[in-house]
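The listed protein sequences correspond, in order, to chains A and B. Residue numbers for the first sequence follow my numbering, so the first one is 1 and each next one is one higher. Residue numbers for the second sequence follow my numbering, so the first one is 376 and each next one is one higher.
Careful: at least some of the hints might be erroneous.
[Claimed, not checked] Here are the in silico distance ranges between beta carbons for each label pair:
1) B:Ser-510 / A:Val-209: 52 to 58 Å
2) A:Phe-299 / B:Gly-497: 43 to 49 Å
3) A:Ile-165 / B:His-490: 54 to 60 Å
4) A:Gly-245 / B:Asp-503: 42 to 48 Å
5) B:Tyr-385 / A:His-260: 27 to 33 Å
6) B:Lys-476 / A:Phe-188: 53 to 59 Å
7) B:His-490 / A:Leu-169: 49 to 55 Å
8) B:Gly-497 / A:Trp-35: 42 to 48 Å
Hints were generated in silico from the structure; no laboratory data involved. Note that the structure is a prediction, hence the values are computed from the model and not measured. Glycine residues also receive a C-beta, built at the ideal position from the N, C-alpha and C atoms.
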Amino acid sequence: MAAQAPTAPPRRRNRRRLLGEFLVNGTLFLLVALWTVPTLGVLISSFRTPWDIQTSGWWTILPHREWQVVEEFPKPEGVDPDGIMEIAGVQGTFEAFRQGIETPDGRRVVWVGNKRLGKIQIQERRWTVRTDFTLDNYRAVLGGKTFELKAPDGSTFTVQGDNLIGAFLNSLTVAVPSTVIPILIAAFAAYGFAWMRFPGRRLMFITVVALLVVPLQIALVPILQDYVKLNLNGTFLALWLAHTGFGLPLATYLLFNYIHTLPRDILESAFIDGASHFVIFTRLVLPLSVPALASFAIFQFLWVWNDYLVALVFIGAKPDVQVLTMRLAEMVGSRGNDWHLLTAGAFVSMVLPLTVFFSLQRYFVRGLLAGSVKG
Amino acid sequence: MASVTYEHVYKRFGDVVAVNDLNIHIEDKEFLVFVGPSGCGKTTSLRLLAGLEEISEGNIYIGDRLVNDVPPKDRDIAMVFQSYALYPHMSVYDNMAFGLKLRKVPKAEIDRRVHEAATILGIEHLLDRKPKQLSGGQRQRVAVGRAIVREPQVFLFDEPLSNLDAKLRVQTRAELSKLHKRLATTFIYVTHDQVEAMTMATRIAVMKDGVLQQVDTPQMLYDHPANVFVAGFIGSPSMNFFDATLVERDGKLEVNSEGFRLEVPEPKATEWRPHAGGEVIFGIRPEHIHHKEYAPPGILGVPLQATVDVIELMGNEIFLYCLTKDNRSFIARVDPRVRAQPGDEVELLVNMENAHIFDPKTEAALAG
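Next comes chain B alone, as it looks inside the complex (with noise of 0.2 Å):
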């Protein structure tokens, strides 16, 4: 059984320091994601543990055991890369089976393992193809049947969906997360995109210039986010971000900027009043800031007024680019009903039990 646990681990390629004390501890069976932007250190991370690069400083351990210097064959791993990596002159039989017969299994349990991992991943009329016959999808499936059949104590993804069209990225999603539970492994996977991550992980990792921001459930990562980079990294449309001060006056708490002034309400500003007098980021998501006339019952809504400047018709939702009095663009998702043109005048609802404040200075939370 394997956790997997990253212990101030460091990799420096010359002066560049690709993964900066990285302290990460991953339970048995997780489905455990590295999200973050291009060159955040990620895929590092993840071939530092496969073996593929050698730690600069710092433990990496699979289980209890210490797995610094052990070769990459002996880490008991299996990985599926980015471009599926299939050996071209092998038939999709053979791809499966060539870790296993470098092992020296045997050849019965090898053809069992082989058309299991097939029968699961739907691809066993395929065995006897070449890898220039299949299509993306299907080579995807051999490379996750190649990691299927050695039986590893840790599956690892790199970005493997990034090349498959949208619609079979969707697909696939779904089939990994069932293949998850029913393999009842590790799986430690990497991408950029954080839908991928908000849909299968059951924990996140979101890293940023080769830091770790912070490791938390998809939904604490949303609703709780510990700075300005992960609010506006989980979420598309991203969270809105206003400079802004927030102001004790008559007793109540305000957020206020140029070009809107928002009353906090109870409990809300129980929460923030320690933070009064002081400069504030003020965020807040575009599906938190809905139209006064479609607003969804009960919520803490607070009003501002802006102008429309783009619409976006999505078809079950309209994107609102609006501005504020002092110009600064924001964006709302609304009712589908609502009409507004660009350049009327709107009224929306600020929902502010979903509001977060930020320190100007180091981005972190303040509260939220």
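Bound-form chain A, shown alone (with noise of 0.2 Å):
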């Protein structure tokens, strides 16, 4: 074995190296810290009850110090109320007091109350973590009926629900047929454009990929008057072909572009063994293509999942046959204030995507087509 060339001293180098991955991953980690530390604050909030929420900030759930009554009295006797009180020790006029005045040995003395009937509080700067945590909120989201919650003094009041999991639910019913059926159109389309000879292919090809340019708002206002000519408005049906033709383009041409890499040999083989177009096509390309179906269903579960204008425009005003995106953007409007109720509402919204995308990570793996071709 030749000897080897000089290079530097381990130490140096591993320290150089050292230094390098610190500051890429401190990066990473501070990016990836902007990123989440919000939408964890709106994740606890929507366990937060509305009067927690408007005093505190969800940050108090992790320990902090603050103030906290340790022992509480009536207003002692022969205070004057109107001139310098002397209370526990500490002298200070009504407001001085109303504000909280702050004793040498670190406690606080606060009025509570008016001048004629209050009570003073000692306080002292405790640790302590805030956790009273609720499952009201979504409760009242995602209910539809009328709820009754309590308010901390004890009053009870009654709440409107929101009725997401009726919204939920038809969501999932456009998303889904949304999504499969787009898919399966063009998987057969990209087979037909990848493997098979026809006249025209190439043309028609073409204007597939074409029509990827046409801007969906284009296509609305023509759409919906063909809609209500055939009395579709306001159906499930009509948003599944909205979505399927606007989403067939980009089907088409990413699907075809996988079909296209698949090794040739191997349908060759096929055809030597006797299989036809159809066959091939279910029992040799389909399987192969998972990675890019899934890749897809992905891309357009969670594009229908989030569009809000196709549905307003097709579905309309109905409550019982309205998505998700549009309950929310209702609540928005009517309860801009209850911030309990719009995390909620959003975590609701979110808790699906996250799932599907998930779960079908994996699939992302391109380790599928090694080992049936050499090289």
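Hints in hand, dock the two standalone chains.
Here it is in structure tokens:
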């Protein structure tokens, strides 16, 4: 073995490498924190009561120090609220006591209430954690009926539920067929364009891909007019057709690119083995295309789930067919200050896309074709 | 039973003629190898037979059946591809059973055939694995197994050994030959490696630029090549060629060139005399040029002097790269006991019994 060329001494190289890694990881961590922390805040707020949200921030669920009442007693005798008073060894005016006067040993004396009927509280800074969580927000938001909720001072009040469960199911009813139908059609089309020979193939393919350029807003009004004529307005079928139409050019293009890269040999071997185009498509091409199908399914599903414009235009105002995006928009309008409800609603709408994404993520792994063809 | 016949077959891709008037009849149970450099049309010819390409002109028969318009699945053939073309998402068993399932062969029969083929190829323990869990040699066997279970009339092989390492290649060559004898079916094999052709074929078809050069048994191709191309293609290192004239002098025939003068002994001289007086290409294989001291006895040896340029020690022999007096280079394979160094003058003996002459214009063999 020839002698190796001299390199930097190992310790110096390690230190430099560690510093580089530290910088990269540190930056990544900061970016991740920047994104995750507000989302975490929204999630935590969705579990807190409206009073908590209004009076303290969501970060108070972490251990922190705040003023807590250690003693409370009624207004002492012989104290004149209009002048300077002395209570618990501290002097000050009424206004000052209202604010709270700090004692030399770290406590605070506070007058709570008005001049005639009032209490004195001694407060200390203590480590504490606010952990009163509630599921009421979710119940209110998901349910359709009225709810009775309790306020901290014991009174009850009724709240009209927002029926997000209904809207959730509607969104599902819209999103699932709108993902499955374009994929099926596009898969067949992509296979035909990639591996079958027929006249006009190139022209048709170019036309389909060129339609990618058309923005969907152009087609909304004409399609709406057609739907009215066909009495399809306000039905789910209208949305399925619209999403299929808008999604097909991209689907066909993506799937064509993927199917085109499948090794020719495998298909020729199947031909010789006696397979027809249909058998090759169902038994070979579809199983091998799962990564492409999964990635487009995620893309289309998320797009349809989050879509507001198409649903607004074609579904209309009937409350029982409204999708999640439309209900959330209404909530913002009518209950703009009810952060506890908005945060709960937001997370209800996020649950499904997150599940879809994380469960299909592994299909992005490209290991599927390894081993069938040499080299 | 299936012979294969190509009758005036042409294949054109636009202006390029990939297969140019191919006429060949392959007997049943033959092992025929199409060999030639890249782009010579051998793979295209195979694909025309498989039905993966359409014939531009001509006819192809499998047995007595004209198969020009018959789709691949009905031609009763099986093909092994260079890249194996295994179905990656199926197990080895399913890969081999796929074609049979499509033809609705009963399950028991499929099972029998798959296990039999797996036993022949030594892959029974791999039947449940997926292709990506197999080595290159194992995948290649699965590809062969997939062809065997079909029990076709003709097996087609498209350079199946080119992706294996050298040692595995040698081993698999022998196994394929044994397989051919065992299955007793027509094998049509395409390769660019003349060693594979020589070792496995019953007959070899040499192609160049879409034209069939010569079809014959390996030994005949070696001993009596039809032209310069075949002579240079078969055998490694390849035949040495010299531009020379055939001269009659004092009743003796000589091969004359600037660097040497070789006498042509009887009975060769009688064969060659009709071409005396003309220019020829003189060909002699390296293995027929010996060192004077270690030449085998009884050969028709004619002396030749040359200068050694490069020596390659092969262990069992020495490749001597020599230069004639007019600095033309050639190779001689000599006995390993020869102790020559670059720059030395050596005395060589040319075995004229195995010499060839070719027409310089047509490059066809004149005699040899």
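Comparing the hints with the structure gives:
Against the hinted window of 52 to 58 Å, the Cβ-Cβ separation of B:Ser-510 and A:Val-209 comes to about 41 Å, which falls outside the hint. Distance hint for A:Phe-299 and B:Gly-497: a CB-CB separation of about 47 Å, consistent with the stated range 43 to 49 Å. At roughly 56 Å, the beta-carbon separation of A:Ile-165 and B:His-490 lies within the given 54 to 60 Å, and the hint holds. For A:Gly-245 paired with B:Asp-503, a C-beta distance near 45 Å keeps the hint of 42 to 48 Å intact.
Between B:Tyr-385 and A:His-260, the C-beta spacing of about 30 Å keeps the proposed range 27 to 33 Å intact. At roughly 23 Å, the beta-carbon separation of B:Lys-476 and A:Phe-188 lies outside the given 53 to 59 Å, and the hint is violated. Hint check: B:His-490 to A:Leu-169, Cβ distance near 52 Å, so the stated range 49 to 55 Å holds. For the pair B:Gly-497 and A:Trp-35, the beta carbons lie near 56 Å from each other, so the given range of 42 to 48 Å is not met.
Consistency note: the structure conflicts with the earlier hints numbered 1, 6 and 8.
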